[in-house]
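Undergrad: Now for the letters of each chain:
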Amino acid sequence: MTISYAGEVPNGSSFGCFWRILCKWRGSVYKLVWRELLAYLTLYYTINLLYRFAMTEEQQRIFEKVRQYFGAQSETIPMSFVLGFYVSLVVKRWWEQYKLLPWPDTLALFISAGIPGAKPTPGGFKTTFKDETGRLMRRNIVRYAILAYVITLQRVSLRVKRRFPTWQHVVDSGLMLESERKVFEKMDGKSPMSKYWMPLVWATNIINRARKEGLITSDHIVQTLLVELSDIRRRLGALIGYDTVCVPLVYTQVVTLALYTYFVAALMGRQLIPPAPGSTSKYEPDVYFPLFTALQFCFYVGWLKVAEVLINPFGEDDDDIELNWLIDRHIKAAYMIVDEMHEEHPELLKDQYWE
Amino acid sequence: MTISYAGEVPNGSSFGCFWRILCKWRGSVYKLVWRELLAYLTLYYTINLLYRFAMTEEQQRIFEKVRQYFGAQSETIPMSFVLGFYVSLVVKRWWEQYKLLPWPDTLALFISAGIPGAKPTPGGFKTTFKDETGRLMRRNIVRYAILAYVITLQRVSLRVKRRFPTWQHVVDSGLMLESERKVFEKMDGKSPMSKYWMPLVWATNIINRARKEGLITSDHIVQTLLVELSDIRRRLGALIGYDTVCVPLVYTQVVTLALYTYFVAALMGRQLIPPAPGSTSKYEPDVYFPLFTALQFCFYVGWLKVAEVLINPFGEDDDDIELNWLIDRHIKAAYMIVDEMHEEHPELLKDQYWE
Amino acid sequence: MTISYAGEVPNGSSFGCFWRILCKWRGSVYKLVWRELLAYLTLYYTINLLYRFAMTEEQQRIFEKVRQYFGAQSETIPMSFVLGFYVSLVVKRWWEQYKLLPWPDTLALFISAGIPGAKPTPGGFKTTFKDETGRLMRRNIVRYAILAYVITLQRVSLRVKRRFPTWQHVVDSGLMLESERKVFEKMDGKSPMSKYWMPLVWATNIINRARKEGLITSDHIVQTLLVELSDIRRRLGALIGYDTVCVPLVYTQVVTLALYTYFVAALMGRQLIPPAPGSTSKYEPDVYFPLFTALQFCFYVGWLKVAEVLINPFGEDDDDIELNWLIDRHIKAAYMIVDEMHEEHPELLKDQYWE
Amino acid sequence: MTISYAGEVPNGSSFGCFWRILCKWRGSVYKLVWRELLAYLTLYYTINLLYRFAMTEEQQRIFEKVRQYFGAQSETIPMSFVLGFYVSLVVKRWWEQYKLLPWPDTLALFISAGIPGAKPTPGGFKTTFKDETGRLMRRNIVRYAILAYVITLQRVSLRVKRRFPTWQHVVDSGLMLESERKVFEKMDGKSPMSKYWMPLVWATNIINRARKEGLITSDHIVQTLLVELSDIRRRLGALIGYDTVCVPLVYTQVVTLALYTYFVAALMGRQLIPPAPGSTSKYEPDVYFPLFTALQFCFYVGWLKVAEVLINPFGEDDDDIELNWLIDRHIKAAYMIVDEMHEEHPELLKDQYWE
Amino acid sequence: MTISYAGEVPNGSSFGCFWRILCKWRGSVYKLVWRELLAYLTLYYTINLLYRFAMTEEQQRIFEKVRQYFGAQSETIPMSFVLGFYVSLVVKRWWEQYKLLPWPDTLALFISAGIPGAKPTPGGFKTTFKDETGRLMRRNIVRYAILAYVITLQRVSLRVKRRFPTWQHVVDSGLMLESERKVFEKMDGKSPMSKYWMPLVWATNIINRARKEGLITSDHIVQTLLVELSDIRRRLGALIGYDTVCVPLVYTQVVTLALYTYFVAALMGRQLIPPAPGSTSKYEPDVYFPLFTALQFCFYVGWLKVAEVLINPFGEDDDDIELNWLIDRHIKAAYMIVDEMHEEHPELLKDQYWE
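Quick mapping for you: the protein sequence lines, in order, are chains A, B, C, D and E. Add 224 to a position in the first sequence, counting from 1, and you land on the number used in our numbering. Add 224 to a position in the second sequence, counting from 1, and you land on the number used in our numbering. Add 224 to a position in the third sequence, counting from 1, and you land on the number used in our numbering. Add 224 to a position in the fourth sequence, counting from 1, and you land on the number used in our numbering. Add 224 to a position in the fifth sequence, counting from 1, and you land on the number used in our numbering.
Only chain A is shown next, with the shape it has when bound in the complex:
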């Protein structure tokens, strides 16, 4: 689930405001980087120990030359620049995808306003046939909207795919009826393209029928509903578009390659070795832990991890968007708007400032 920490840092003016953020573990840079760092340090020390204990003096001289060459050259790739632009791009796409996720609330609001038909009051009069049809239509339209949502996310999100691996799982969750499953299975045989738009077409047809049968009394409502449905379709289609057309592979590779090359070079070039015997330079202390190389590793790899986490915002990272929670929320809220709360509102009372 997404890590929300805005509530923990309401006041930037307090002392050490971001410190408590540094101590989080879930979704943190430590959790993301520690395995890579461990592997890196292991390699570093292997080389270091080889130099110190396994090499002849001549080999050491060659090693020192190679180290010199690597150390001097590794700065020639301006990594921070390309990383800055690349992470910027990935963050932008991540947020656009989040904003594209449609919310069925608006549709539910419009449907509730447009298609009348109360549900039977518990101990009350029997509803007419028309009332029941209205209710059926309302519930089915929002169900179709959420179904389209789920079908799309099944395709783009590993989490949702885990929850609904087959059509049968969707049927079991109550979002799809048995008869609809058959239609989808028949269609799957015909063409492999995504079929998220089919429930939306059904929803359109129901709206159309409701207009013809006189349940919807105004063309304005039909127009508003159609525009809203097509907006949902646009968003879902765009989400699939973001999934199909990623950041160009070559860009991601260039950035990743630059980073890994840099640190492979640093493995050699930033080895901390005892100063050569004849040297009097006091500027190369014999430090046993490559502190700054490790820090740099955390920093750059952590920066790239931002991109790795966000390039697929619907995965299973700590910081990815919790789609399954959203699906449950949408089912509950949408049914409530079109059914329980339909045509109900608190009594019209005079408010406190009435005069």
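Any given hint could turn out to be false.
A pair holds if it fits inside one copy or across any two, identical chains being indistinguishable in the list.
[To be verified] Simulated crosslink set (DSS-like; lysine-lysine; CA at most 25 Å straight-line):
1) Lys289 with Lys574
2) Lys436 with Lys574
3) Lys419 with Lys574
4) Lys323 with Lys574
5) Lys419 with Lys556
6) Lys255 with Lys436
7) Lys323 with Lys419
8) Lys556 with Lys323
9) Lys323 with Lys406
10) Lys385 with Lys419
11) Lys406 with Lys574
12) Lys410 with Lys574
Since the hints were derived computationally from the structure, they do not count as laboratory data.
Following the hints, position chains B, C, D and E against chain A.
TA: Below, chains B, C, D and E without anything else, positioned relative to chain A:
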């Protein structure tokens, strides 16, 4: 409350235009940074004095080596670059959140145009039942819009949460009626999701009823009102989205870590110590106050403070948005539009240029 | 008034295309920077002369050390980076504000289409009452739109405030009637909030009345007019929002502080002094004018001046937007559309290509 | 076809998440760069061998001087900066173009809702004439929308041009009728401008006729359809605009020139040659493979390749958008919505949560 | 005319994809820069020859000192940074202006759908009066739209101003009638403001009249047409806004000054002179052509040329937008849509996939 200083710098061409801005205290970088700077300098002098008075000569030589190593390496992290991109992102999100705050004025304007029914003139004729219903509806709809606004902000803003810690406080303020509080409490028991959309559903239902009872005479108005209500819902939902899905934690951590690491390294690497006895270098004067390290600290920490202040724009910083003032303003303005000013306008007179 | 120079550089391919731009004075970097530069050079020479003629040799040695320290450290603040991001942000906000300024032309067009009623032809038949009401309404609605515009700008712009310091000035200009002034004054007593939306509410009420009295014959026009009016309100409200919520003070301060600190340090660190007697270095010529420090000053301070000029786009800088001209233009154009040109168009003739 | 790899990196928190991306070949930086790199290394070794074996000692001294000069100067062009901004711009345009591609689904949805007329059920009653007309109209309108799509892409995409080199090919695919081909050919003779809008005009005329003949029963549908058609036209026009008005040639040339100049200079300046006999510098090891120059080449040329691939997003690169697949998908989906699924929806059943 | 080269680089994966772009002359960096470069080199050699042949030895020593000072200091201005941000801004504005150019096709489509009235078929029945009026109206409305377009561009574009220097030229082109010219001339006397909106007001009035006379049968069409007309007005107004309010002069000056200062300093500081007699440094070869200074000149001045060309996108550069071609295209296309193609569409036939 937000610090507005645009009015103080109308003319960039005047001499020293930004100087008066440097002298502000509320919301200033000084107020934000002084505690951190004090702590940092304390640490700096502790180390400095330890070196000068508590260390043996050999310890001093080791210290100098470590200092050399830290001083040389601390530039390897291109902090200004990552800070630039990060602060850019946070500033962009801050402004988007500000722009998302809905204003009820538009809704009030549409309602005033759509639902007729004057209020009784003081010493005049009695209003009919229809007049009163219209007025009740208008007032209730805008009240619901503001209620949805308050419920959303209660969730995302510490300020508003302080003002309305419980439902009872909202009832006391006159924005919620007793009966509505019960509905919310019942719902709270059922599901923990945000319920900001419920008043908007009620508002929709009232509009729908007004259309059925003939108070609203045209479907166009209904359409316009529904679209406006759904726009308010979209904005409030997006505000909650910004609160739930922050800037990814790992990004914030990478930036903060880089900054703090840099200055911890500077604690050692930029110690100003007397030149070694044998050294003849005139380039290292024995300065007692680390002026440039302090300035750099103010600069970089101040830059990060921009992000710390803006990452939660609805907190209690000097520069955060004054939501409570906005809520009061909205209540006053919305009631005025739908009630006091309803169907009133100055007499139609010929203007000065009439010919 | 804004400096428009696009017309002077139509062709980038011509030789020295931007040279003529360098020779402009109004709104130029020279005009903005010369005072600051003069003050800076005065300080520079004061210190320089003190060193050369007023210091003892020992003081000079200390001075040289301090100069060394300042010169070496002043590069540690990456000013160009923070300036680049900051100026980018200010330029973006400046342009967004300019684009938000509403133009009453669209509203006038819609009103002219929606509310009929010709003005009396000079020597012709007398207009009916209905005709006159229509004309009155049209003129009043656009007047209200422009009045809302002026009231908003009074608040955000020094120029407009100078032109209309009090309500009385607005009345005198013919934009407000005496009766309306009283309403505003009464309201000012009640609440200090901005009242730009009041004329728009009146305009809505007039439209509503026109629909009821049958002058407007279709609900579509009412819908279109209401949407346009609410768009004007949104823009004016957003302009006030940009004025109230500036670029966060701390950001502006960080940038300004960094700049001034840099040049204060440069006052010491870039003093051009005669080489030390024993030195044989030919690399420090004894130059009497700190040419490059002055150029750098122009460059960086000029860059910041871009932000200083644009942070309040409605001030009185040479490059600020000429709002008073816009107000006059809007009055003229809007009245012309709704009145003089109302229902008039050239005779429908066959064009040249008719066949 | 586009390389979709988002599904392969769902979890950034897994160890070495981007490693599997480094191993891809299709669309990879290796596939794009290897020919250039080979050519570059060939040149490099030619010069290197010339120096080592073909030059007299004096020539070698001159060569070393030139190498020195080239090596020192080649850093004076800040390539990473201009590349960063340029690639950013190209990537932005690439994504905007992708987003502009219209999807006929929305239009199909609206048409299906607006123009009734079922198709004959297999073993059922005969359809009336009106039913058939409706079906004909629906199918023709979506066909025209896709035809406009294809005509546009024929112009901007090499792939689509390959598939439909002549009008006849479009006719053969069933998207164009023989009679329509004649109209296009007649028009081609008259004017060379793009004619993508002609099918859209026909679609408009069909809609207009459907309204007149009473098949469409509401003006709202006509309005919605016209707006949607004009949106498709706007998108197609904008695609042609992006094709006609590229990134300015001079910008592309500046970036490309800078890159090639840099590496031509590096050919000389980064030659790894044996240290001069008298030199005791241990810092220039005699390395036989210019490892870092090669890496830098991959990095910078790879970065530029991002731009080269994306500057024409509809070409035939591995990473370009697969338009032919999209065309087939649109034909299938659009016909299905307006025909097979027209007025059909699963029976309205009570869902699982019905109570 | 704009240089379109996207079609020449469809495949980034081909070897040396951008090479053919480097060989273009029209709109190229060479064509833009060669005059400046020639002038610069002339200056360079003048100084160089003066030093070598006209100076006494002592003057040479002074010259060398000045050269040293200039060479060391000229790097203190981070030009690439400010250029990057500035060019980014100009490119963004350039593209926004291009996108703002309205296309009359949409308006023509709506008019064709809304105002009926066929043109007389060659050998057929005579058209009624109503038919002719409809046709007249349609043709006049699109003519007015294009007229507004031309009047706007006359103001912002040198090319269009060249084509239509006076009203008479517009009349001659058939876009304006004699009677309309008189109105414009009368108005020119009254006020100097731009009058592009006048034809749009006439168009509105014609639409209004068409509705009143019953040619337009639905209010929806009127609404759609008015919204489209106001969109055209908004775009034309915004184009004038971009022309009036340029990139602030001070920004352009700062960038240009920085660039020219840099290269004036380089004239001195990068003079390639023979090494001083006593010097043994092998690092300063005596090169006769300042290769890298020239390359840097091309690079930086070429980068600025991007801005110089794009700052006025409607000028006469090779890369500026070909407005005159667009005007002709719009006249042809718009008349064709509203007249020739009006109410015509190919016979409704069953397509290939009909079953």
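Undergrad: For each hint given before, does the structure comply? Return the numbers of the non-compliant ones in rising order.
TA: Those not satisfied are hints 1, 4, 6, 9.
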